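K.L.:
The chain contents come next:
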Amino acid sequence: MAIRKKNNTLIIIPVFNEELSIGTLLESLKAKENEADIMVVDDGSGDKTLDVVVSKGVFVVAHPFNMGIGTSFQTGCCFALESGYDYIVRIDGDGQHEPASINDVLSPVKSGKFDIAIGSRFLGASKFKSSFMRIIGITIIARLLTFLTGKKVTDPTSGFCAMNKKAFSFFARYCVDDYPEPEILIHHRDFGITEVPINLMKRKEGSSSITPLKSLYYMYKVIFSIIVSIFRKE
Amino acid sequence: MNLVSRIISIIISVSLLFFIFHLVRTKKLKEKYALGWILVGIGIFILAVARNLLSWIAYILGIKVPINAVFFLGIIFIVLINIHFSLVISNLAEQNKRIAQKLALLEAELENLRAKIL
Chain A
38 MAIRKKNNTL IIIPVFNEEL SIGTLLESLK AKENEADIMV VDDGSGDKTL
88 DVVVSKGVFV VAHPFNMGIG TSFQTGCCFA LESGYDYIVR IDGDGQHEPA
138 SINDVLSPVK SGKFDIAIGS RFLGASKFKS SFMRIIGITI IARLLTFLTG
188 KKVTDPTSGF CAMNKKAFSF FARYCVDDYP EPEILIHHRD FGITEVPINL
238 MKRKEGSSSI TPLKSLYYMY KVIFSIIVSI FRKE
Chain B
422 MNLVSRIISI IISVSLLFFI FHLVRTKKLK EKYALGWILV GIGIFILAVA
472 RNLLSWIAYI LGIKVPINAV FFLGIIFIVL INIHFSLVIS NLAEQNKRIA
522 QKLALLEAEL ENLRAKIL
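These protein sequence lines map, in sequence, to chains A and B.
Sequential numbering from 38 applies to the first sequence in our numbering.
Sequential numbering from 422 applies to the second sequence in our numbering.
In short, the hints are calculated from the structure, not lab data.
From a predicted model like this one, the values you see are computed outputs, not experimental measurements.
Don't take every hint at face value.
SDA-like mimics (lysine to any residue), calculated; alpha carbons at most 25 Å apart, straight line [stated by the list, open to error]:
#1 B/453 - A/257
#2 B/453 - B/501
#3 A/43 - A/94
#4 A/85 - B/518
#5 A/258 - B/537
#6 A/189 - A/177
#7 B/451 - A/141
#8 B/449 - A/105
#9 B/448 - A/107
#10 A/93 - A/137
#11 B/453 - A/42
#12 A/258 - B/504
#13 A/203 - A/257
#14 A/85 - B/493
#15 A/43 - A/135
#16 A/93 - A/145
#17 B/523 - B/504
#18 B/523 - A/253
#19 B/518 - A/253
#20 A/251 - B/509
#21 A/258 - B/518
#22 A/189 - A/93
#23 A/42 - A/209
#24 B/518 - A/107
#25 B/453 - B/519
#26 A/251 - A/150
#27 B/453 - A/253
#28 B/449 - A/189
#29 A/251 - B/538
Given only the sequences and the hints, what does the whole structure look like? Please build it.
P.N.:
See the structure below:
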């Protein structure tokens, strides 16, 4: 399905094996009549995800094999840059992010006050429940980043965010694997970043791919890369 | 271990850790592949600092001379990391093949489209 640029905002949805939930999300996005174009980045799904997306008539870029969520997001940023979009919104394909919150996340960026707005699961009245280990992990990373940047960060691993061109062209240039790039927070203090409270919907279909061992490995990668980027020159 | 070999081991482990850190910092090594070497560096450091740890490990493994336990564990590590690299290389070779195929198919499709238009 081809895309014809109608708006100056692009919604990027990175997906990997989400055949059960992606259809519902795309339906509600299309029904909402957002002033935004929609793009799905399929990260080499082995199930019917790609077929579902195509059947909904949504523009999709499919990786030939799995390369991680960071790479998928980067593909989206590269496309947005090349196609001349001014704003992007990144939303997860598993249906946990409410399409209704898109405008909340987008408005601080569109108003020109901030370069990046992150939907935080820990702000406001949202009742985010997760495993004890994950909460601990996210808290450690958030505290570390808050300490290093002097900015209040509550949810650094959130997959729901909006960016302007200045911010997403950074992500289009720099290669990331499967964690949020801490360098943007540490070295680019001129990036205005804010957090917006969002509600998290309960996962309807499928299961999270995160196991305890994987979270430990993820923690190592994020914390190590934060520490390394402190010593990296800009 | 005597004091001299202890100090040498500490120097080696610290240098290894700094070198790995430097490689990641300059983006020559990915965090993913740094993990094994960081664990090795920490392992050597602990063995050098903890006085009787190596003798105890040798005793557990039934090895008479403690330094032989170092060789034994070292060889096991080398075998494991080589298997790991074999897996990584196999995966890269497969992905490389698929990219080349996809590129060739896209080129052919482009050629067909061009022929249709002109």
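K.L.:
Would the pair residue 85 of chain A and residue 493 of chain B pass a check requiring their Cα atoms to be no farther apart than 25 Å?
P.N.:
Status violated; Cα separation ~48 Å.
K.L.:
For the pair we were handed, residue 518 of chain B and residue 253 of chain A, check the Cα-Cα distance against 25 Å.
P.N.:
Violated, at about 32 Å.
K.L.:
Keeping to a limit of 25 Å between CA atoms, is the pair of residue 93 of chain A and residue 137 of chain A held or broken?
P.N.:
holds (20 Å)
K.L.:
Would the hint linking residue 43 of chain A and residue 135 of chain A be met if the CA-CA limit is 25 Å?
P.N.:
holds (23 Å)
K.L.:
Would the hint linking residue 523 of chain B and residue 504 of chain B be met if the CA-CA limit is 25 Å?
P.N.:
Violated, at roughly 29 Å.
K.L.:
Hinted pair, alpha-carbon criterion (25 Å max): residue 453 of chain B, residue 501 of chain B. Please report holds or violated.
P.N.:
holds (16 Å)
K.L.:
Is the straight-line distance between the alpha-carbon of residue 258 of chain A and that of residue 504 of chain B 25 Å or less?
P.N.:
holds (22 Å)
K.L.:
Next pair to validate is residue 449 of chain B with residue 189 of chain A; report whether the Cα-Cα distance is within 25 Å.
P.N.:
The hint is violated at about 31 Å.
K.L.:
Holds or violated: are the alpha carbons of residue 251 of chain A and residue 509 of chain B at most 25 Å from each other?
P.N.:
holds (18 Å)
K.L.:
Does the alpha-carbon distance linking residue 42 of chain A and residue 209 of chain A stay inside the 25 Å limit?
P.N.:
holds (19 Å)
K.L.:
Residue 189 of chain A and residue 93 of chain A were given as a pair; does the straight-line alpha-carbon distance stay at or below 25 Å?
P.N.:
This hinted pair is violated, its Cα atoms lying about 39 Å apart.
K.L.:
Check the hint pairing residue 448 of chain B with residue 107 of chain A against an upper bound of 25 Å on the C-alpha distance.
P.N.:
Within the cut-off at roughly 16 Å; holds.
The structure shown violates the earlier hints numbered 5, 7, 11, 13, 14, 16, 17, 18, 19, 21, 22, 26, 28, 29.
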